[in-house]
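Asker: Residue strings, one per chain:
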Amino acid sequence: MALKPVTFTLNGEPKAAFTEDGQNLLDLLRRGVGDLSPKYGCGQGTCGACTILLDGEPQLACLLLGEAVEGRRIDTATGLGGPAPHPLQDAFMERFAAQCGYCTPGMLMAAKALLDRNPGPTREEVIEAIGGNLCRCTGYEPIIAAILDVAAERKRA
Amino acid sequence: MAVTVESHGTIAEAQRALGSGAVYLGGGTILMRAVNAGLVQGRVVRSTDPSLSRIRPMGDGVEIGAGVTMAAIAANPDLGFLHPVVRAVGGPQVRNMASIGGNLFAEHPYGDLAAALLALGARIVMAGGMQRPIEDLLRDRSRAGLVAAVQVSRPRDPRAFGFLKVSRVRPKGVSVLSFAAHLPREGGRLRGVRIACVGLGPMPLRSPSAERALEGGALDAAAVARAAALVAEGLDPPTDALASAWYRREVAGVHLRRLLGRML
Ligand SMILES: Cc1cc2nc3c(=O)[nH]c(=O)nc-3n(C[C@H](O)[C@H](O)[C@H](O)COP(=O)(O)OP(=O)(O)OC[C@H]3O[C@@H](n4cnc5c(N)ncnc54)[C@H](O)[C@@H]3O)c2cc1C
Ligand code: FES
Ligand code: FES
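If you're matching them up, the sequences are chains A and B in order.
Note that this note's numbering has the first sequence beginning at 1, numbered continuously upward.
Note that this note's numbering has the second sequence beginning at 1, numbered continuously upward.
Please keep in mind that the hints were generated in silico from the structure rather than gathered at the bench.
If you're wondering where the values come from, they're calculated on a predicted model, not measured in any experiment.
Be aware that a few hints might be false.
Derived CB-CB ranges, DEER-like [unchecked claim]:
hint: 1; chain 1: A; residue 1: Lys155; chain 2: B; residue 2: Pro133; range: 34 to 40 Å
hint: 2; chain 1: B; residue 1: Asp236; chain 2: A; residue 2: Gln99; range: 40 to 46 Å
hint: 3; chain 1: A; residue 1: Arg72; chain 2: B; residue 2: Arg143; range: 19 to 25 Å
hint: 4; chain 1: B; residue 1: Glu13; chain 2: A; residue 2: Arg136; range: 42 to 48 Å
hint: 5; chain 1: B; residue 1: Gly59; chain 2: A; residue 2: Glu153; range: 48 to 54 Å
hint: 6; chain 1: B; residue 1: Gly19; chain 2: A; residue 2: Gln99; range: 47 to 53 Å
hint: 7; chain 1: A; residue 1: Gly81; chain 2: B; residue 2: Gly19; range: 27 to 33 Å
hint: 8; chain 1: A; residue 1: Pro14; chain 2: B; residue 2: Ala241; range: 40 to 46 Å
hint: 9; chain 1: B; residue 1: Asp78; chain 2: A; residue 2: Lys155; range: 49 to 55 Å
Just some of the chain B residues that point at chain A, by a computed CB distance under 7 Å [as the list claims (entries may be wrong)]:
hint: 10; residue: Gly28
hint: 11; residue: Asn36
hint: 12; residue: Leu39
hint: 13; residue: Pro92
hint: 14; residue: Met97
hint: 15; residue: Lys172
Facing chain A, according to a computed beta carbon distance under 10 Å, are these residues of chain B, among others [to be verified]:
hint: 16; residue: Thr29
hint: 17; residue: Ile30
hint: 18; residue: Val40
hint: 19; residue: Gly90
hint: 20; residue: Arg132
Cβ atoms here follow ideal geometry from the backbone N, Cα and C, with glycine treated the same way.
Okay, chain B solo, but in the shape it has when bound:
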């Protein structure tokens, strides 16, 4: 069976077309590799709906269309909190093509922006308008359907959000580990801590043990050391060409400590 490509002018039409066993093409930086290798057969659906590339302010945050690229985020002054994250994705060509929507579906070792959005508690707007927390989407991506946009609140205190990517090749290496931390404070205590990572599981996920170690306390060196010691607890890091599961587990705490140390 050969590939057939369908272009649809609206998200709604693309959503309907996807219904029966087709695959959606965003920026193509992952899916086109499979198309080139002959691994995709059947229908490929894309959409030229302009709302997919829109970024608009919304209350205390922003709504980012699923087709918005890393480069468009990097060029938007309202999205400064995401700049260190999107600049860490691929090289310039990839950043001009790779979409935020595709990043939510990227397999390990990808998903740097998805991890940041997970730490920030983003909400996913599906085609058709239904909204769901990003956790739900990441838990089962195979039957998720078409994502229309991502809503994310700006961290109230810019210093409460931090991102660190560890890679072997600079400037464009993929992740050995990436960490995103959101550490909001209320009256000197941490409330609503979220620590997300790439490289400690098959998809971007949170570290419940590190979050528990920080939640409710003050952010100090002792709390950081406790969180770092526990970060990989209960998680199952993958082995790949870049690093073994053992190595990732071994160094995860070191890198989390470096990130949180910068946020003290």
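Next comes chain A alone, as it looks inside the complex:
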């Protein structure tokens, strides 16, 4: 199988990797680059566990070709926060919005994309923003509350 070189920025760091023909970005990130935060749930675009930000927009790594991200900026949950957790991560813990945690990296990235674009979303806008992410544990309410908490905290600050 032919290997193709691909370079991109991952969480602010330049990366160079080889991608196999037809390999999706999720597989490239996990096996090729070692970023295990985006999760494989379905490989079909239905669960959102593989959500990453491509040039700031939420997209599904399982449906992107690895080679299609040449020169682009990718952000994953690995890059959230620094020495201290990101406010969304704190709020998810506070609200018990992660149970098994499998959906969490995708949820966090969908939520980050929303708050980056719209710092004061309504409850409906939060529901819309995580509409492409399935959670089998929480019933969604704690996740919605966590995202709204971060928005409210930013408004106060």
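Dock chain B with the ligands against the given chain A, drawing on the hints supplied.
Answerer: Below, chain B with the ligands alone, put in the same frame as chain A:
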């Protein structure tokens, strides 16, 4: 046989490369599922031609490059008439990836935007420049070739165009039924009525019986009731995990009546 991916800088090169048994990759929200499942073997062709993602005004309408995404349409103030349609496609991630070109080739239960474009009488610009009515393309998609762009006129009266999607899961469920209606009026009479739907056949199609029931008359409750009663006549709705053919036939009139009722 393994998959080989070819990227081409221009539409013309991609078109030439497609010639012999290759498959074209747009946004990938349908085709990549098959690639992931190992169901695609052989050559996959993609194009990075910037014209594919261009939206430009054209006379009384717009030309939308085949690679333009649902999200790009939703963000374009000139395309307000399509906003309710593209917002009804998938979740945010899918809308950031799914292209208008791919929507023309999507199998049931997909094709919400294609149905809207069918109701609006869009024209398809093929790679190489040939133009054809959207009906022609939808009738035989297997040998269609590469689509370069879609041209669509803005409805003269914004209230003359309406869209309704019925799904079981909100906010991102796929279609049980979707209806798009274009009801232009001349001197109080309907002229050039087009009613298109997803879920009443294997691909987005028009309902000739509903159109006949409305054409030439006034838009009133009686005409709406007649069109609703006839909408599935001569059509063969599919059965899938969401609904049976019987159910779709049974409720089609109810939903068409709701849509047209909003447009009275
Ligand atoms: C979770 C999920 C939810 C979805 N919900 C909806 C929905 O609500 N409504 C809906 O309509 N669809 C939905 N879809 C289906 C899909 O996202 C859309 O139909 C989309 O518009 C397909 O476009 P694409 O660019 O991703 O196509 P691709 O996957 O790239 O291609 C699909 C087909 O179109 C062909 N093709 C693509 N571009 C061209 C071109 N320019 N010329 C010729 N052939 C071309 C390809 O060869 C392929 O056969 C959903 C998909 C997912 C994964
Ligand atoms: S793994 Fe990508 S959407 Fe499920
Ligand atoms: S916490 Fe388990 S799937 Fe969401």
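Asker: Against the structure shown, which of the earlier numbered hints fail to hold, in ascending order?
Answerer: 1, 3, 7, 9, 12 and 20
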